[in-house]
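Got chain R; can you put chain C on it based on the hints?
There are 2 protein chains.
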Amino acid sequence: MSRRPSVVIVGGGFGGLAAARALGNAPVHVVLIDRSNHHLFQPLLYQVATSVLNPGQIASPLRSILRRQQNTEVILADVTGIDKEGRRVFASNVDRGDVAIPYDYLVLATGAHHSYFGHEEFARFAPGLKTIADAVMIRNRILQAFERAEAEEDPNPNDGLLTFVLVGGGPTGVEMASAIAVLVRQTLRTEYRRIDPTTTRIVLVDSGGRVLSSFSPSLSEAAHKRLESLGVEIRSGHVDRIDEDGAWIGGDRIPSKTVIWTAGVAASPVGKWLAVETDKAGHVQVDGLLRVAGHSEVFVIGDAASYEQDGRMLPGVAQVAIQQGRHAAKTIVKSIAGAPPPPPFRYFDKGNMAVVGKGFAVLESGKFKLSGLPAWMAWAGIHIQFLAQPGLRVSVFLQWMWTFLTGQRGSRLIVNYLSSETGKSAGQS
Amino acid sequence: MSRRPSVVIVGGGFGGLAAARALGNAPVHVVLIDRSNHHLFQPLLYQVATSVLNPGQIASPLRSILRRQQNTEVILADVTGIDKEGRRVFASNVDRGDVAIPYDYLVLATGAHHSYFGHEEFARFAPGLKTIADAVMIRNRILQAFERAEAEEDPNPNDGLLTFVLVGGGPTGVEMASAIAVLVRQTLRTEYRRIDPTTTRIVLVDSGGRVLSSFSPSLSEAAHKRLESLGVEIRSGHVDRIDEDGAWIGGDRIPSKTVIWTAGVAASPVGKWLAVETDKAGHVQVDGLLRVAGHSEVFVIGDAASYEQDGRMLPGVAQVAIQQGRHAAKTIVKSIAGAPPPPPFRYFDKGNMAVVGKGFAVLESGKFKLSGLPAWMAWAGIHIQFLAQPGLRVSVFLQWMWTFLTGQRGSRLIVNYLSSETGKSAGQS
Chain R
1 MSRRPSVVIV GGGFGGLAAA RALGNAPVHV VLIDRSNHHL FQPLLYQVAT
51 SVLNPGQIAS PLRSILRRQQ NTEVILADVT GIDKEGRRVF ASNVDRGDVA
101 IPYDYLVLAT GAHHSYFGHE EFARFAPGLK TIADAVMIRN RILQAFERAE
151 AEEDPNPNDG LLTFVLVGGG PTGVEMASAI AVLVRQTLRT EYRRIDPTTT
201 RIVLVDSGGR VLSSFSPSLS EAAHKRLESL GVEIRSGHVD RIDEDGAWIG
251 GDRIPSKTVI WTAGVAASPV GKWLAVETDK AGHVQVDGLL RVAGHSEVFV
301 IGDAASYEQD GRMLPGVAQV AIQQGRHAAK TIVKSIAGAP PPPPFRYFDK
351 GNMAVVGKGF AVLESGKFKL SGLPAWMAWA GIHIQFLAQP GLRVSVFLQW
401 MWTFLTGQRG SRLIVNYLSS ETGKSAGQS
Chain C
1 MSRRPSVVIV GGGFGGLAAA RALGNAPVHV VLIDRSNHHL FQPLLYQVAT
51 SVLNPGQIAS PLRSILRRQQ NTEVILADVT GIDKEGRRVF ASNVDRGDVA
101 IPYDYLVLAT GAHHSYFGHE EFARFAPGLK TIADAVMIRN RILQAFERAE
151 AEEDPNPNDG LLTFVLVGGG PTGVEMASAI AVLVRQTLRT EYRRIDPTTT
201 RIVLVDSGGR VLSSFSPSLS EAAHKRLESL GVEIRSGHVD RIDEDGAWIG
251 GDRIPSKTVI WTAGVAASPV GKWLAVETDK AGHVQVDGLL RVAGHSEVFV
301 IGDAASYEQD GRMLPGVAQV AIQQGRHAAK TIVKSIAGAP PPPPFRYFDK
351 GNMAVVGKGF AVLESGKFKL SGLPAWMAWA GIHIQFLAQP GLRVSVFLQW
401 MWTFLTGQRG SRLIVNYLSS ETGKSAGQS
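Those sequence lines, one after another, are chains R and C.
Just so you know, we're using the numbering used here here: the first sequence kicks off at 1 and counts up by one.
Just so you know, we're using the numbering used here here: the second sequence kicks off at 1 and counts up by one.
Derived from the structure by calculation, the hints contain no laboratory data.
A portion of the hints provided could be inaccurate.
No copy is singled out in the list; a pair is fine if it fits within one copy or between any two copies.
Straight line, CA to CA, 25 Å or less: simulated SDA-like cross-link-like pairs of lysine to any residue [claimed, not checked]:
1) Lys-330 <-> Phe-397
2) Lys-358 <-> Arg-68
3) Lys-367 <-> Phe-125
4) Lys-334 <-> Gly-264
5) Lys-358 <-> Arg-67
6) Lys-272 <-> Arg-193
7) Lys-334 <-> Gln-309
8) Lys-350 <-> Arg-21
9) Lys-84 <-> Glu-153
10) Lys-84 <-> Ala-281
11) Lys-84 <-> Gly-294
12) Lys-358 <-> Val-394
13) Lys-280 <-> Asn-93
14) Lys-369 <-> Ala-318
15) Lys-280 <-> Asn-71
Pulled out of the complex, with its shape left as it was, chain R reads as follows (with noise of 0.2 Å):
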């Protein structure tokens, strides 16, 4: 019996587990290497950040998702480096130390982080949003915001206790800064005495002309609206500094303890570890079939790529990286049967759309276009079925209905894990 061809994935996000499910039945042994054990079904983290959703509802252990695919193991590792003429990954994980993993097949499915275009210094003081324990530490400095103010002796309404600054207004920004609103105006409201969360100031930075400037400018519009009648501030300049009192925005200061970062994405360090050419963002180059120049085994897919159609380079959203993991699984499996190649990737876009408050979306696919209600319900309703396991399915929308009809949010807490780490016990509770 020959040994079966090895895939070795790395990433579980929504590229990496798209092309290890359509490797499920094929004559490949599948090796998903991931760093967290859990796929995150990331257009939902914000509303970790703001309370809605506990950790544990858009969040699924890859094990579990692929508990019945027998030809693929799952190991929890970093991905250190890769050997490309050895065809091996270096990982390493507590226990194992630096190991090398073969591969006949490679698929680099390692997503994109937020980059402070340069201004790493901005890190301390305005966490991004794109791993569960971020959403958790932006929660709790939200929500400690508002007890820090509570408990002053002396006011002082311009210490920017108060104020969030969301720098970035692209969808993440816009549905933070709209969900914020809906957290102070409805859940908050009548929960203390001393300070009134109905004053708190939201100012959602954006660097270009218009938020959301993915959409057509007719939902840019209604989006901006919106954001308005929920007393969402918009400014738009550059940010020219960051520090624990506030922010900088074209020349203006901004008094802020809470500043979050919504712009910029860079790609993982695929790259370095390819020494390949990328562009200034990190991403790699692939050829139609989404494989690096010269290996035809090492294929990159999405946010971590670059792939351009119709002059245009596809945007870094789940609906790119799904049909690429999908299209680099086919052509695996067609490489490997000695068959011809499948044509040339292309993205089919299903659309695009972003939540602003409570009941209110703007949606738009090909030529359609819709805003209010009836774009909030789809988008529900498409969010809930993209969810990767059918517990959670019910559970978020049981979540939405309640938070919808009562207000009251899924997970509003406020815990110090540092503690916990490092081995004090907590006595008063």
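Positioned in the frame of chain R, the structure of chain C alone reads:
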């Protein structure tokens, strides 16, 4: 208008919250101080540690619970001391620094934390379970043990990676041990390719003669049998030593990378704050009205207090704390009205129960005893009923049904909160 008397309550657990609620319509100003922003339903904490429930399902913000109670304010702060003569509580939080909060009546409901009986060096290797952060950290450790075992190049069955030791045969130890047994046999069984999770060794260490020693011998016996049928080893003996490679129990070494402390509780520093005598575990002696000797305006309730009834000290359970909280509130209301005090506190024991794995519990109320599935159904119903917020009742009920039917758990995530708190970004996901 004369100033309303101020009642300061320290601790938002079962006792403190019951006192605050009982004072909702009283002519007083209530200040509830807690170091965390949520009331925690501790009896279900082990279900977070074993991945069944999300933290948000067993914890509700104190503000949210008390939002309609207009005479009550909530302060998130750490109590640092008490000035009995000047009737002030000292507390600190991030912004406020140390402040003094005056009181006319003081209710101390600060609970207990785990005690290592003088072996504080065990804490690093054998974490205890008292807070959400503890539960999430223990969840990480349990899940990581399987990941590390799966990743081993050269597996050594004696390295203790797949051995879990629970020190303490009370309800927490029994519930944790059986929950881990169900986790490995039902949820994880099919998900690994190199290790067999069902070979996991689970050791429950009980220093006394029998598990669940607060129950009748026949129920201890039923729990013992059930634990054995789930594959849990029960050891009696003293813990001599714990380090990163295992535990020494009665002279035997048990190799284990995951030791969890479910024994001993010690009261919080109330005795020190008040400068009064305590017993060895730190409990403060109170009179029939739950007051501290010489200070009829200071009450100590729940796990922080020591109260004898019919020659036995009351156990540290939620029902005692709740009934004492209500009793203290009643005494305060009568005192303000100039009425004679209520009769001395008497605990009405509604009963005692503990879960042993899936669909099995033991339950005892007076002379009534029950074990097996009917007891588990009673346990589930009663626990759901006592969750503080209606939204959580639905959510926990559905989660339990789902887990019961499918074996899938609600929140099986390994999350490294440290890397996020320290500002490192996570690229791959």
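Verification of the supplied hints:
1. Taking the closest pair of Cα atoms, Lys-330 and Phe-397 never come within 25 Å of each other, the shortest separation being 33 Å inside a single copy and 42 Å across copies.
2. For the identical chains of this complex, Lys-358 and Arg-68 are inter-copy neighbours only, at 23 Å across copies versus 38 Å inside a copy, given an alpha-carbon limit of 25 Å.
3. In this assembly of identical chains, Lys-367 and Phe-125 lie within 25 Å of each other by CA distance neither inside one copy nor across copies; the values are 40 Å within and 60 Å between.
4. Taking the shortest Cα distances, Lys-334 and Gly-264 never come within 25 Å of each other, neither inside one copy (37 Å) nor across copies (62 Å).
5. In this homomeric assembly, Lys-358 and Arg-67 come within 25 Å of each other (Cα to Cα) only across copies, at 22 Å, whereas the closest approach inside a single copy is 36 Å.
6. Within a single copy, Lys-272 and Arg-193 get their C-alpha atoms no closer than 54 Å, and across copies no closer than 31 Å, so neither meets the 25 Å cut-off.
7. Taking identical chains as interchangeable, the C-alpha atoms of Lys-334 and Gln-309 lie at most 25 Å apart only when both belong to the same chain, with a minimum of 23 Å there against 78 Å between chains.
8. Taking the shortest alpha-carbon separations for Lys-350 and Arg-21, only the intra-copy value of 21 Å comes in at or below 25 Å, while the best inter-copy value is 52 Å.
9. Taking CA atoms no more than 25 Å apart as the test, Lys-84 paired with Glu-153 passes between copies only; the shortest distance there is 23 Å, against 62 Å inside one copy.
10. For the homomeric pair Lys-84 and Ala-281, the shortest alpha-carbon distance inside one copy (22 Å) is at most 25 Å, but the shortest distance between copies (62 Å) is not.
11. Proximity of Lys-84 to Gly-294 under the C-alpha cut-off of 25 Å is restricted to the intra-copy arrangement: shortest distance 10 Å within a copy versus 79 Å between copies.
12. In this assembly of identical chains, Lys-358 and Val-394 lie within 25 Å of each other by CA distance both inside one copy and across copies; the values are 20 Å within and 22 Å between.
13. For the homomeric pair Lys-280 and Asn-93, neither the shortest alpha-carbon distance inside one copy (30 Å) nor that between copies (44 Å) is at most 25 Å.
14. In this assembly of identical chains, Lys-369 and Ala-318 lie within 25 Å of each other by CA distance solely inside one copy; the values are 20 Å within and 55 Å between copies.
15. With identical chains, the CA atoms of Lys-280 and Asn-71 are never at most 25 Å apart, being 37 Å at best within one copy and 58 Å at best between copies.
In this structure, the hints that do not hold are numbers 1, 3, 4, 6, 13, 15, in rising order.
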